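**Student:** Read top to bottom, the protein sequences are chains A and B.
Sequential numbering of the first sequence, starting at 1, is according to the working numbering.
Sequential numbering of the second sequence, starting at 1, is according to the working numbering.
Fair warning: there could be bad hints in the mix.
Said to hold, decoys possible - Which residues of chain B face chain A? A few of them, derived with a C-beta cut under 8 angstroms, are: (1) E170; (2) Q174; (3) I209; (4) E219.
Claimed, not checked - With a straight-line cut-off of 25 angstroms between C-alpha atoms, the simulated SDA-like cross-links for lysine to any residue are: (5) B:K357 x B:R330; (6) B:K177 x A:G206; (7) B:K332 x B:V252; (8) A:K148 x B:V252; (9) B:K48 x B:K112; (10) A:K177 x B:R293.
Calculated directly from the structure, the hints in this document are not laboratory data.
All values derive from a computational prediction rather than experimental measurement.
For glycine and all other residues, C-beta sits at the position ideal for the given N, C-alpha and C.
There are 2 protein chains.
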Amino acid sequence: MSAIQDRCDAFLDEVQNHLRDELLPFWLAHGVDKEYGGFLTYLDKDGKPTGESLKTLVCQTRMIFTYASAHRAGFGEGKFLQIARDGVNFLLDHFWDDDHFGWIWTAERDGKPVNRSKIMYGQSFAIYALSEYVMASGDYRGMEWAVKTYETIQALGADNCHGGYYEFMERDWQLKKPGAYGGDRKSFDVHMHLMEAFTNLYEATGMPIYKRKTREVVELIFNTILHPDFRTGRAAFMLDWTPVRQILFKDVWGSDRDAGEDQGRPLNNTSYGHNVEFAWLFNHTCKILDLDRKPYLDTLRKLYDHAHQYGVDWERGGIYCEGAHDGPAREKNKEFWQQAEALVGFLDAYLLFEDPKYIDAYENVHRFAMDHVINHKVGEWYPLFDENNNRLWDYMGHAWKINYHTVRSMIQSEQRLLKITA
Amino acid sequence: MSAIQDRCDAFLDEVQNHLRDELLPFWLAHGVDKEYGGFLTYLDKDGKPTGESLKTLVCQTRMIFTYASAHRAGFGEGKFLQIARDGVNFLLDHFWDDDHFGWIWTAERDGKPVNRSKIMYGQSFAIYALSEYVMASGDYRGMEWAVKTYETIQALGADNCHGGYYEFMERDWQLKKPGAYGGDRKSFDVHMHLMEAFTNLYEATGMPIYKRKTREVVELIFNTILHPDFRTGRAAFMLDWTPVRQILFKDVWGSDRDAGEDQGRPLNNTSYGHNVEFAWLFNHTCKILDLDRKPYLDTLRKLYDHAHQYGVDWERGGIYCEGAHDGPAREKNKEFWQQAEALVGFLDAYLLFEDPKYIDAYENVHRFAMDHVINHKVGEWYPLFDENNNRLWDYMGHAWKINYHTVRSMIQSEQRLLKITA
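Go ahead and model the full structure; you've got the sequences and the hints to work with.
**Tutor:** Right under this line is the structure:
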């Protein structure tokens, strides 16, 4: 056994133990709203419900995805599938807008609509989750509603002039106002998740149209969204794909960190977490669609090397949030989801390019996750640290933080570590 | 009364006489397939059915449009509406593909499918016709199926990478092979007719989404399809909107004249008929959508002036087919539909810019139409002449020639002449 296999064997142990003994048990015990159905996603540092009960489309669908994917990966002996099914029931009962089609953005605990906006980010996670659910369950409703979501965004949310999709729409799918309302913007984030969603829809249905849709988004990302020279992701665009500074929107889908910056983030700025997440998701897309990876390898390598060189904190461990396309990190906080995606990404990079430096990067982030980010006593991950590894926030769950990144990261990392150590 | 009003008064007389005494009576007596339903469109020089009975999506829908539009314009005392309704019945019974959605391309006389391909040109005319029919009739099926067609092309025929729509698809909406099969091409023609169709759908429904769709195609045409300098139409593109030479396709929708040209038509080539048709259709779109015309006026003027300078045969009368963006005509045959669209276009140009030179151009084409193109004895128009006004073809109807251009031209010309002479 090689040195790399030895090292990965030890990582595998830790990943398997965390996944089986901490993370999945945590999500078997937490999150389900036994009174009203659906999921309660606000959990304090000890995993106790905080009493807040807003239900967001992003978290409801990500929970469905995660439980369904855990079942597909062989966990839970049917319990996770049942939780996913209950989640789908709540989603179908309360989040679909019968008047205007599409999924609403937020609801009260009992499902009463709060924000009926149509946000493309959320629609993409509905497709992703429902496709995963039908693959886990065979429940035809998963396919029916994934397809209905697809048809809805095609009819009401596509930009047939400039390509891609609009992202921020009112309840009736009219574009929101410009600027902070987002009606005049497009993003890497949303289009990456549409690629992920269409890939899953194709895997679930085998219908050629979803392969074509996935490829269209792939070409858009490679030819228009990624930086033409550095190949790293550019976050924000006007509708005609002119790159612009990334600003904060009124309807957020994260616990955003840059709220103080009036002008938005610099134009020369890229997210390490999105870059590596995109790279491994795209590699998965290639597998599902049976695409030739060759024309894309140079870009994938640049995405990984950029994160390896500038994103990883080689001294204190972990991966930073964001930095220049061609220089060091600017935003040096360390967020949980960027760690989660970097773990899968660097293992994927090693499997793709067989360069041991990616195992070094994996090890760095792995140690940081295991030693700092994971709340082992409770089972989930702390959300945010500063560059000196001081914990800034400590909740386990939130309107926008749930088990999607963490469970997926551990399941996907285990699968890759098993390959490397085989 | 000014000299122009005097002249237009005389034109109006001729137009009204032709429309009321020749053209509409011809189409009250011809075209309807009384045995099988739908329309028989092959008619010889005397208007007699030739016995050929292929039913094409383009002609069936154009007939529906024409009869419905004639009813809306106040003609036929309900008879045209009934013909349109019968045509819709046949279309719904035989042309919709229940397995793959969308309208098939051709059928036998009894409605049995011949070519089940999904050609975007035909889908656009289905939307155009069904929208016109619901405005004429109030029959909800017109709206239902126009919307269903829209949703189908959005789900299965849109290019979400480069913008616009695919044009040549197999029965199951997979792209056809490249080159002569058209799977790798896009065109001005199809996107102009989509603008026309979406405009009608918006007029029929008042739904804001169709206004947005119309505007997207409008921006695509102005920013990408029209020549950046000369502003005249470029006919053919690859999927990513790289302009290419226009070639003949296996699935045609006209009696095409350039079949001998192996390499396709030159890159420096534009169609006078399409340019003026687009210009007046777009002006109509502005009216229906309540768009500000100002940003577009310079382009409209260039489209008309190019046709005025190079397209009109000032010596022998009529408008040629095609020529360079920046020089004289290359294809000097004179086709019926280019005359029909030039009549409406030059009157529209006069109303828009109040430049009498457009009345001169109208008069030229009007005389050519009245004195050469129209088969007054029978009632319809001959299809094709050479540059010396020798008649090349003489049929009244064909798989791809029907009353859409001629009746629409006379109805629209009458309306404009009434405005000018008022």
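**Student:** With reference to the structure, classify each hint as holding or not holding.
**Tutor:** Tested hints:
1. E170: 10 angstroms, violated
2. Q174: Status holds, d = 6 angstroms.
3. I209: At about 6 angstroms, which falls below the 8 angstroms cut-off, the nearest Cβ of chain A leaves the hint on B:I209 intact, so it holds.
4. E219: Since chain A brings a Cβ to about 5 angstroms from B:E219, closer than 8 angstroms, the hint holds.
5. B:K357 x B:R330: Holds, at about 23 angstroms.
6. B:K177 x A:G206: Judged against 25 angstroms, a Cα distance of about 21 angstroms means the pair holds.
7. B:K332 x B:V252: Between B:K332 and B:V252 the Cα gap is close to 21 angstroms, so the pair holds against 25 angstroms.
8. A:K148 x B:V252: Violated, at about 34 angstroms.
9. B:K48 x B:K112: It holds: about 24 angstroms lies between the C-alpha atoms, which stays within 25 angstroms.
10. A:K177 x B:R293: 23 angstroms, holds
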